[in-house]
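Take these sequences, add in the hints, and give me the full structure.
The lines below spell out each chain.
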Amino acid sequence: MIVEFLQGEGEPSSSWVMLVMGFVSTIVFLVLYGILFPSSDLPVISSVLPVFDGVFDSGIWFFILGAMIGIFAILGTMLSEATSE
Amino acid sequence: MGLITSMVTFWLLILVLFILVNRGIWVFTDVSKSMSMFMLEKALGPPIDFVEGRKGAASTTWILQGTLWIIPASLVTFCGLWLSHDPQALHSLTAWGLNPESTSLTTSGILIAVYGAMGMLLIGSSMHIVPELGATSLATEKNATLMSFVWTLAVIVMFVGANNSEIAGVSVMPIATILTNLVLLAVIVNMLLTAASRTRKMPLPAWMMIIGMISAPISILSLALTGSLDSGSGQWLATRFSGTTFFLMVSGAILYGSSRGSGNPLWSRSLAAVTMAGAIISINPAGLIEGEIASDFLGIGTATFEPTRNDIVAGSFLLALSLIPVLALSANVLATMRGDDVFMENPDSPGMPEINLAAFMAVPIAIGGLFVHTDYLTGTNELTGIHTSLVLLGLWVVFIPASLGSALSIFPEVSGRNMLSINRSRWAFWLMAGGAFSGLVFTMMADFSDMALIEAAVEADNSTANRVRVLGSVLFYGTVIGSVYHSLNMISGSFRGALATEEQNISSTSISSPYMLTKETTVRKILAQREGKLDTVVVPESSTESPGSATEI
Chain R
66 MIVEFLQGEG EPSSSWVMLV MGFVSTIVFL VLYGILFPSS DLPVISSVLP VFDGVFDSGI
126 WFFILGAMIG IFAILGTMLS EATSE
Chain H
278 MGLITSMVTF WLLILVLFIL VNRGIWVFTD VSKSMSMFML EKALGPPIDF VEGRKGAAST
338 TWILQGTLWI IPASLVTFCG LWLSHDPQAL HSLTAWGLNP ESTSLTTSGI LIAVYGAMGM
398 LLIGSSMHIV PELGATSLAT EKNATLMSFV WTLAVIVMFV GANNSEIAGV SVMPIATILT
458 NLVLLAVIVN MLLTAASRTR KMPLPAWMMI IGMISAPISI LSLALTGSLD SGSGQWLATR
518 FSGTTFFLMV SGAILYGSSR GSGNPLWSRS LAAVTMAGAI ISINPAGLIE GEIASDFLGI
578 GTATFEPTRN DIVAGSFLLA LSLIPVLALS ANVLATMRGD DVFMENPDSP GMPEINLAAF
638 MAVPIAIGGL FVHTDYLTGT NELTGIHTSL VLLGLWVVFI PASLGSALSI FPEVSGRNML
698 SINRSRWAFW LMAGGAFSGL VFTMMADFSD MALIEAAVEA DNSTANRVRV LGSVLFYGTV
758 IGSVYHSLNM ISGSFRGALA TEEQNISSTS ISSPYMLTKE TTVRKILAQR EGKLDTVVVP
818 ESSTESPGSA TEI
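Residue numbers (our numbering), protein chains in the order written: chain R, 66 to 150; chain H, 278 to 830.
Honestly, the hints are just simulated from the structure, not real lab data. Cβ coordinates follow ideal geometry from the N, Cα and C atoms, glycine included. Do not take every clue at face value.
Not close to chain R: a few residues of chain H, all C-beta gaps over 12 angstroms, as computed [said to hold, decoys possible]:
{"hint": "1", "residue": "K310"}
{"hint": "2", "residue": "A366"}
{"hint": "3", "residue": "I644"}
Ranges of calculated distance between the beta carbons of each label pair, as one might list FRET restraints [unchecked claim]:
{"hint": "4", "chain 1": "H", "residue 1": "P641", "chain 2": "R", "residue 2": "F117", "range": "38 to 48 angstroms"}
{"hint": "5", "chain 1": "R", "residue 1": "L107", "chain 2": "H", "residue 2": "S545", "range": "47 to 57 angstroms"}
{"hint": "6", "chain 1": "R", "residue 1": "V96", "chain 2": "H", "residue 2": "A733", "range": "25 to 35 angstroms"}
{"hint": "7", "chain 1": "H", "residue 1": "A775", "chain 2": "R", "residue 2": "V82", "range": "42 to 52 angstroms"}
{"hint": "8", "chain 1": "R", "residue 1": "I92", "chain 2": "H", "residue 2": "R801", "range": "43 to 53 angstroms"}
{"hint": "9", "chain 1": "R", "residue 1": "V89", "chain 2": "H", "residue 2": "A445", "range": "53 to 63 angstroms"}
{"hint": "10", "chain 1": "R", "residue 1": "W81", "chain 2": "H", "residue 2": "T799", "range": "27 to 37 angstroms"}
{"hint": "11", "chain 1": "R", "residue 1": "V96", "chain 2": "H", "residue 2": "S715", "range": "15 to 25 angstroms"}
{"hint": "12", "chain 1": "R", "residue 1": "F117", "chain 2": "H", "residue 2": "A320", "range": "34 to 44 angstroms"}
Pulled a few chain H residues facing chain R out of the computed Cβ check, cut under 7 angstroms [said to hold, decoys possible]:
{"hint": "13", "residue": "L352"}
{"hint": "14", "residue": "W359"}
{"hint": "15", "residue": "S369"}
{"hint": "16", "residue": "L370"}
{"hint": "17", "residue": "L595"}
{"hint": "18", "residue": "V761"}
{"hint": "19", "residue": "S764"}
{"hint": "20", "residue": "I768"}
{"hint": "21", "residue": "S769"}
Next comes the structure, spelled out in C-alpha cells:
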C-alpha cells in the first residue's frame, strides 16, 4: 500500500502551546546559561566542533548555516517538484 | 545649474513623453512599432528561442526571480547588521580574499533588495498589470523572459561592485549600470508597444508603472542636460529620482493589487491621480541620503554636497510636498482594501497582509525620511546617524512588502496556480514583517544611543548600544526565514498549487449563504449558533403586518 503524505490547511490550537513552550524554554536556557557561566559567551560552532577552530568562531555562522539549509531546501524543492511524476 | 532647473527640465521631459506616448510619433508610429518588435525578438538571434513565449511566462519568471532575490538581500543585510556590533565575525572569509565590512554589506544588501527583489517583482507585476488594464497582451513575452536573466546578472555584478569597486583596474558598478539600463530599455519598449496596442482607456495604475520605468532614464537625462551630474546637488538629486521611479512603480502595483485581492473597486481615482502627479512634482525622501551611490553607478567622481541657499529652499519645499502623494496612496489603498466597513476584505487572499502593512507604514516612514533628508539638506546633520536604519526600515516594511504583496496577488493569474499553502504564506508574512520591524526598530534605538553619546563627546565604547544591536540583528533573521518560506511556497505552488481557474474568487459582495433573520436577535446569539462570522451578511426575512386569511382553493 502506498501511503501518501497529507498536510492540512487548518492549524490545531494546541500547536501554539508547543511554540510558546519552545520559546519559553529557549529564554530559560539563555537565562540559566548566564547564571551558571556568567563570564562566558554563548558557545559557537568551533567550540563544539574543534575542527572548525578559527573558521566558525562567531555566532553568526549558526544563522548563516540556517540560511544555507533554507537555500538548499529551495533547490531540493525545485529539483523534486520538477522531476516528480 | 540649480536644483530647481533640473526639476523643471525633468517635469517638461516627462510631460512631453506622456503626450508622445498617448498621441504617437506622427507618421513614424507604425515604422517605430515594427522596428522595435524586430529589435526585441528577431534581432537577438538564437538566444530568443531559448525562452518560453506563453502568456504570463515573462511575469512569472520575473516574479519568481524577484522572490528568490529576497533571500540573499535579507541574508546580506542581516550580516551587515551583525557586523555592526561584531566586526570580526566573518574574519575567516579573508582566506578567500574577502573582507566583508558592515557598511559595504548593508549597502550591497540595500542594492540587492532594491534592484534584485523589489525591481524584479515590480517589473514582473507590470508585465501583467499593463496588458490587463489595457485589455491587450504583452508585446513580446519572449524578450521580457530573456531580459529577466540579464537583469539577474546585473544584480550579481552590482553586489560584487558594492563590495569590491574595482577589479583588475575596471570599475564594476558602471558595468551593472549598463546591464540594467539595457534591460530597462527593452522592458520600456515592450511596455510602450503593449500600451500602443491597448483596446480601452488604461487606468492610472498602468500609467504609473510605465511612467515610473521611463522616469529612470529621463531623470538622468535631465540632470545631464542641465549639467548638474558632476555637482553634489545633482548627484543627491539623482539618488532622489531613483526613489521617484520606484515609488511610482510601487504605487501602480499596490493600487492594482489592493483592488484585485480585496475584490473592491479602487476607492478614488482623484487620489490615484494626485499620487502620480505628486510623485513626479515632488522630491521623494526614499533611499540613501548621499549622492555617492549615484556617482558610483554612473562611474563619475563623487562631488562634495554644497547646496546653495536656493537649492536648500527649493529642495526642502519639494521634499515636504512628497508627503501629499504618500498620504494619498496610503489612504487610497487602505480604503480600497476595507471597502464599506473597517475590516480588510478577503484577508487570506495572497499578498493582502503585505499590501496592508506597506500602506499602513508608508506615512510614518515617509515623515521620518522627510526629517532626515531636510536635516541633511540644510547641513544640520543631527539625524544622519539613523538614516541607514530608516532606509532599511522603509525598504523592509514598505517597499518590499508592497512589491511582494502585489506580485503575490497576481501570481495565481500569471502562473495558473495558487500558492501551495495559505497557512505557510501567513507564517512567512509574520516572520518577515515581525523580523524586519522589530529588528530594525532595535537597531534604530542603538543608533539613537550612539548619537547621544557622540553629542555628549563620550569616547568609551557604547556597550548598551552594542547589546541592543545584537538583539536587532537576531530579530531581523526572521526576515531571512520568512523569505525562504515565501520562496518555497511559491515554487511548490507553481507546480502543485490549486489551479487558479478552479478556485472561486471570494468577493466582498457575494456571500454564498447569508444569515436569514426572522426575528429580533443579538449578534452574540448569531455567533453562538456558529452561523456567522464578522463579515456574514444578515438579511431580514420579509414579513407583513396584515392579518392572514384562509387560502382560496
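Checked hints:
Consistency note on K310(H): stated as away from chain R, and its beta-carbon is indeed over 12 angstroms from all of that chain's, at 38 angstroms minimum. The beta carbon of A366(H) sits about 4 angstroms from the closest Cβ of chain R, which is not more than 12 angstroms, so the claim that it is off the interface is violated. The Cβ of I644(H) lies farther than 12 angstroms from every Cβ of chain R, with a closest approach of about 32 angstroms, so its non-interface assignment holds. Separation of P641(H) from F117(R) is about 44 angstroms and conforms to the stated range, judged on CB atoms against 38 to 48 angstroms.
For L107(R) and S545(H), the hinted distance range of 47 to 57 angstroms is satisfied, since their beta carbons lie about 53 angstroms from each other. In this structure the supplied range 25 to 35 angstroms holds for V96(R) paired with A733(H), their Cβ-Cβ distance being about 32 angstroms. At roughly 30 angstroms, the beta carbons of A775(H) and V82(R) sit outside the given window of 42 to 52 angstroms. As the Cβ distance of I92(R) to R801(H) is approximately 38 angstroms, the hint placing it in 43 to 53 angstroms is violated.
The hint said 53 to 63 angstroms for the Cβ distance between V89(R) and A445(H), and at roughly 54 angstroms that hint holds. About 30 angstroms separates the C-beta atoms of W81(R) and T799(H), a value consistent with the hinted range of 27 to 37 angstroms. Against the hinted window of 15 to 25 angstroms, the Cβ-Cβ separation of V96(R) and S715(H) comes to about 20 angstroms, which satisfies the hint. Separated by about 53 angstroms at the C-beta atoms, F117(R) and A320(H) break the suggested range of 34 to 44 angstroms.
Given the 7 angstroms rule on beta carbons, the hint for L352(H) holds: about 5 angstroms separates it from the nearest Cβ of chain R. With 7 angstroms as the threshold, the beta carbon of W359(H) comes within range of chain R, its nearest partner Cβ sitting at about 5 angstroms, so the hint holds. Interface restraint check for S369(H): the shortest CB-CB distance to chain R comes to about 5 angstroms, inside 7 angstroms, so the restraint holds. The beta carbon of L370(H) is not positioned within 7 angstroms of any beta carbon in chain R (closest approach about 9 angstroms), and the interface hint is therefore violated.
Given the 7 angstroms rule on beta carbons, the hint for L595(H) is violated: about 41 angstroms separates it from the nearest Cβ of chain R. Of the supplied interface hints, the one on V761(H) holds, with its beta-carbon coming within about 4 angstroms of a beta-carbon of chain R, less than 7 angstroms. Hint on S764(H) holds. Least Cβ distance to chain R is approximately 5 angstroms, under the 7 angstroms limit. A distance limit of 7 angstroms between C-beta atoms decides the matter here; for I768(H) the minimum to chain R is near 5 angstroms, and the interface restraint holds.
Taken as an interface hint, S769(H) checks out: its beta carbon lies about 6 angstroms from the nearest beta carbon of chain R, inside 7 angstroms.
Hint compliance for this structure: hints 2, 7, 8, 12, 16 and 17 are not met, and every other hint is.
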